[in-house]
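Add chain B to chain A, keeping to what the hints say.
If you're matching them up, the sequences are chains A and B in order. As numbered in this note's numbering, residues 2 to 412 make up the first sequence, in order. As numbered in this note's numbering, residues 2 to 412 make up the second sequence, in order.
One or more hints might be untrue.
Put simply, identical chains are the same to the list, so a pair is met inside one copy or across any two.
The calculated lysine to aspartate or glutamate pairs, modelled on DMTMM-like cross-linking and capped at a C-alpha distance of 20 angstroms, are [stated by the list, open to error]: (1) Lys265 with Glu59; (2) Lys106 with Glu132; (3) Lys232 with Glu141; (4) Lys3 with Asp45; (5) Lys241 with Asp201; (6) Lys106 with Glu55; (7) Lys340 with Glu308; (8) Lys3 with Glu230; (9) Lys145 with Glu308; (10) Lys126 with Asp60; (11) Lys340 with Glu214; (12) Lys232 with Glu12.
Since the hints were derived computationally from the structure, they do not count as laboratory data.
2 protein chains.
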Amino acid sequence: MKAAILSIGTELLFGQITNTNTVYLSRRLNMLGYDVMYHYTVGDNPDRVKEIVELALEDCDLVITTGGLGPTQDDLTKEMVCQVMGDELVMMDEVMEEISAYFEKLGRPMTDNNRKQALVPSRAKVFINGEGSAPGFALEKDGKYVICMPGPPREMTCMFEDSVMPYLQSMSEDVIYYRMLRAFGIGESDLETRLMDLIDAQTDPTLATYAKEGECSLRIASKRRDLSEAKAAVDDMIEKVDERVGEYIYSYDDEELVQVVCRKLMERGLTLSSAESCTGGRFAAAVTDIPGVSAIFDRGLVTYSNEAKMEELGVKRETLEKYGAVSEQTALEMAEGLKRVSGSDVCVSVTGIAGPGGATDTKPVGLVYIGLVYGDKKLCRRIQTGDDSRQWNRQYSLLSMLDMINRNVLS
Amino acid sequence: MKAAILSIGTELLFGQITNTNTVYLSRRLNMLGYDVMYHYTVGDNPDRVKEIVELALEDCDLVITTGGLGPTQDDLTKEMVCQVMGDELVMMDEVMEEISAYFEKLGRPMTDNNRKQALVPSRAKVFINGEGSAPGFALEKDGKYVICMPGPPREMTCMFEDSVMPYLQSMSEDVIYYRMLRAFGIGESDLETRLMDLIDAQTDPTLATYAKEGECSLRIASKRRDLSEAKAAVDDMIEKVDERVGEYIYSYDDEELVQVVCRKLMERGLTLSSAESCTGGRFAAAVTDIPGVSAIFDRGLVTYSNEAKMEELGVKRETLEKYGAVSEQTALEMAEGLKRVSGSDVCVSVTGIAGPGGATDTKPVGLVYIGLVYGDKKLCRRIQTGDDSRQWNRQYSLLSMLDMINRNVLS
Numbered sequence: 002m003k004a005a006i007l008s009i010g011t012e013l014l015f016g017q018i019t020n021t022n023t024v025y026l027s028r029r030l031n032m033l034g035y036d037v038m039y040h041y042t043v044g045d046n047p048d049r050v051k052e053i054v055e056l057a058l059e060d061c062d063l064v065i066t067t068g069g070l071g072p073t074q075d076d077l078t079k080e081m082v083c084q085v086m087g088d089e090l091v092m093m094d095e096v097m098e099e100i101s102a103y104f105e106k107l108g109r110p111m112t113d114n115n116r117k118q119a120l121v122p123s124r125a126k127v128f129i130n131g132e133g134s135a136p137g138f139a140l141e142k143d144g145k146y147v148i149c150m151p152g153p154p155r156e157m158t159c160m161f162e163d164s165v166m167p168y169l170q171s172m173s174e175d176v177i178y179y180r181m182l183r184a185f186g187i188g189e190s191d192l193e194t195r196l197m198d199l200i201d202a203q204t205d206p207t208l209a210t211y212a213k214e215g216e217c218s219l220r221i222a223s224k225r226r227d228l229s230e231a232k233a234a235v236d237d238m239i240e241k242v243d244e245r246v247g248e249y250i251y252s253y254d255d256e257e258l259v260q261v262v263c264r265k266l267m268e269r270g271l272t273l274s275s276a277e278s279c280t281g282g283r284f285a286a287a288v289t290d291i292p293g294v295s296a297i298f299d300r301g302l303v304t305y306s307n308e309a310k311m312e313e314l315g316v317k318r319e320t321l322e323k324y325g326a327v328s329e330q331t332a333l334e335m336a337e338g339l340k341r342v343s344g345s346d347v348c349v350s351v352t353g354i355a356g357p358g359g360a361t362d363t364k365p366v367g368l369v370y371i372g373l374v375y376g377d378k379k380l381c382r383r384i385q386t387g388d389d390s391r392q393w394n395r396q397y398s399l400l401s402m403l404d405m406i407n408r409n410v411l412s
Numbered sequence: 002m003k004a005a006i007l008s009i010g011t012e013l014l015f016g017q018i019t020n021t022n023t024v025y026l027s028r029r030l031n032m033l034g035y036d037v038m039y040h041y042t043v044g045d046n047p048d049r050v051k052e053i054v055e056l057a058l059e060d061c062d063l064v065i066t067t068g069g070l071g072p073t074q075d076d077l078t079k080e081m082v083c084q085v086m087g088d089e090l091v092m093m094d095e096v097m098e099e100i101s102a103y104f105e106k107l108g109r110p111m112t113d114n115n116r117k118q119a120l121v122p123s124r125a126k127v128f129i130n131g132e133g134s135a136p137g138f139a140l141e142k143d144g145k146y147v148i149c150m151p152g153p154p155r156e157m158t159c160m161f162e163d164s165v166m167p168y169l170q171s172m173s174e175d176v177i178y179y180r181m182l183r184a185f186g187i188g189e190s191d192l193e194t195r196l197m198d199l200i201d202a203q204t205d206p207t208l209a210t211y212a213k214e215g216e217c218s219l220r221i222a223s224k225r226r227d228l229s230e231a232k233a234a235v236d237d238m239i240e241k242v243d244e245r246v247g248e249y250i251y252s253y254d255d256e257e258l259v260q261v262v263c264r265k266l267m268e269r270g271l272t273l274s275s276a277e278s279c280t281g282g283r284f285a286a287a288v289t290d291i292p293g294v295s296a297i298f299d300r301g302l303v304t305y306s307n308e309a310k311m312e313e314l315g316v317k318r319e320t321l322e323k324y325g326a327v328s329e330q331t332a333l334e335m336a337e338g339l340k341r342v343s344g345s346d347v348c349v350s351v352t353g354i355a356g357p358g359g360a361t362d363t364k365p366v367g368l369v370y371i372g373l374v375y376g377d378k379k380l381c382r383r384i385q386t387g388d389d390s391r392q393w394n395r396q397y398s399l400l401s402m403l404d405m406i407n408r409n410v411l412s
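The shape of chain A in the complex, shown without the other chains (with noise of 0.2 angstroms):
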């Protein structure tokens, strides 16, 4: 099944907005097995929609719209798509139930505008906005289907998660069943490489990874007449998947490495604190960046100065001196004397060269040590990122100080 993917919004075009509807979409309909052929971008302006829709409908079975529902849009977006689709608008009373519902929770008055959302094409399947005012809706016709939601990105995924994605897998005899797993410290090349034959070779499940930020993501999916045929299938692929690349998995369900990190440390009950210099304070920002994770996590030092290691940490001179602050002893020192004042569990420390400038003959921009001191553990992971950009070393090194508490504190 081929699929399109059209964002109506004039804010859109002019840079405003980054358009993250489409990526979302994109995403879940090649999950769902939609080949997505065609992304779409046009202003609020009925002609160019309706245009686009009928281009759209020529090569694709489905063209799923996001924007142009809004309340002072009218309805001209819905119009539109009747006149392809051959239908024309009807007030529902189901639905206008659902927005007066809306705006009595919100407490605030509904305009005309707001009831003229209520209008919805005779023949469309209705999916109700959670999240706001604008209903979304499927229209079929010939076999091919136009389906609305609103832009703003929460209504949009609200209703693509509780109403558009079961709608789709309805219109399927087969059900979809895929896992997303998560791998830190491979590369993508070097994952596909040692997949490949299992890659190569698949029909269903299918294999696919994604790179993304110094993470890797494989998603395995099968598409069965049955559910629990589909789960044992995925659940088989793991299994082989698990065999060649499992040291590196840290999720099986999609959860961020952050996310996976804070949610066992609040399970286990183990309080945390963090020693930063060379990412400066990312660190305490992803985990605090967690609901909740107040419960555990007690302190971030932020020592980027040389001073700061000394005063905050009571990393020693001589050491500074000796070893430079980019060093194993270093780090070390910074873990051990945030133990000493926090008290935490779990104390992580890093420094290293973020670029671009920094760099020694000995010590080149992307060197970072990274310090863990827990219960009797102590131990400090050296790497080179081999990268210049600064973003990136920031980037990573926050991962590996994830990565580094997760093996050896939580696994």
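Okay, now just chain B, sitting in the frame of chain A:
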């Protein structure tokens, strides 16, 4: 002049990467006075590339493509564009020399595939790729233009800034001059309202406002026969804007707030430290994203727990018990304690309720206090974001900290 942007790359259709090229090009083209009418994305498929280029040229005067020029994709994008524009590919010696020089610089051998990259349309204006091997080019037919650029964002943006922008400007007899102003502390609708008469009356210079994550941008552009005329018109408008909303504007050159603050601190040789609670290290991470900031940034203490606030910063237990961790008193004691331990010229602190949990009867999610100690000044700012998004509250708190330094230390 109407423009369309065509992104070529199967990885975009899989949702593996976010299309940032289109955002960048949309902004630039709008600034240059083009109306961007369509965004299209297709995979690495010559027929669909040709189909969309032909389609886009029906409506538009300019089509910009990105991607599809890599060495492994042969020259199919180029071939397709030649077919549409009635030209043929030829080997250009000067392009070959540039590609050879690129590989020599990298110390890597050149393959036959790379040599193919020197094939360009015979009538093309060629743009050398300073960051990669694939050249770009512009091709004209009957007053309509197709411009092809490589897909990797760094290659594309460098080529656009260095070559394509001057080329587009040279096609016009007029010169475009613009300034991008950035503001904090005023909402986009409030900004628009205060400037409404100027926006409504605009012919040249033009005014446009944009909102982004708690900040606003204001673009003022003028298109004239003469650069000095355009500059004078823009400067004159800036003066009018300044009279209305000058107090909110922190940059007249599209600099981010964190860049403005760090640049000024570095220029003045003022040292900085931070003590964070609800932002959890975001401030330190943002500041240390700036290369060279180690000259002035001493330390950042993320005192997440009450113990950390007392031990690291000397916040009094009575203060925490009487007023709570989220209070003016605690924010000030954090900044004062930070001054004692760091001795930095500028000491900033933050404590608040980021959400989603943590609210009490008197302290709602989104309540944030920022403390500042600078010389004899001891200041505290109370913020009520009115939002329950953790991400937003943390981001807004970060910007408020920077704004407080900018206003009270650097103005």
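Right, here's what the structure says about each hint:
1. With identical chains, the CA atoms of Lys265 and Glu59 are never at most 20 angstroms apart, being 50 angstroms at best within one copy and 57 angstroms at best between copies.
2. For the homomeric pair Lys106 and Glu132, the shortest alpha-carbon distance inside one copy (11 angstroms) is at most 20 angstroms, but the shortest distance between copies (54 angstroms) is not.
3. With identical chains, the CA atoms of Lys232 and Glu141 are never at most 20 angstroms apart, being 30 angstroms at best within one copy and 55 angstroms at best between copies.
4. With identical chains, the CA atoms of Lys3 and Asp45 are at most 20 angstroms apart between copies only, with a shortest distance of 16 angstroms across copies and 25 angstroms within one.
5. For a Cα distance limit of 20 angstroms, the shortest separation of Lys241 from Asp201 inside one copy, 14 angstroms, qualifies, whereas the shortest one across copies, 65 angstroms, does not.
6. For a Cα distance limit of 20 angstroms, the shortest separation of Lys106 from Glu55 qualifies neither inside one copy, at 38 angstroms, nor across copies, at 49 angstroms.
7. In this homomeric assembly, Lys340 and Glu308 come within 20 angstroms of each other (Cα to Cα) both inside a single copy, at 18 angstroms, and across copies, at 14 angstroms.
8. Taking the shortest alpha-carbon separations for Lys3 and Glu230, neither the intra-copy value of 25 angstroms nor the inter-copy value of 53 angstroms comes in at or below 20 angstroms.
9. With identical chains, the CA atoms of Lys145 and Glu308 are never at most 20 angstroms apart, being 68 angstroms at best within one copy and 62 angstroms at best between copies.
10. For a Cα distance limit of 20 angstroms, the shortest separation of Lys126 from Asp60 qualifies neither inside one copy, at 23 angstroms, nor across copies, at 34 angstroms.
11. Proximity of Lys340 to Glu214 under the C-alpha cut-off of 20 angstroms is found in neither arrangement, the shortest distances being 30 angstroms within a copy and 37 angstroms between copies.
12. For a Cα distance limit of 20 angstroms, the shortest separation of Lys232 from Glu12 qualifies neither inside one copy, at 42 angstroms, nor across copies, at 27 angstroms.
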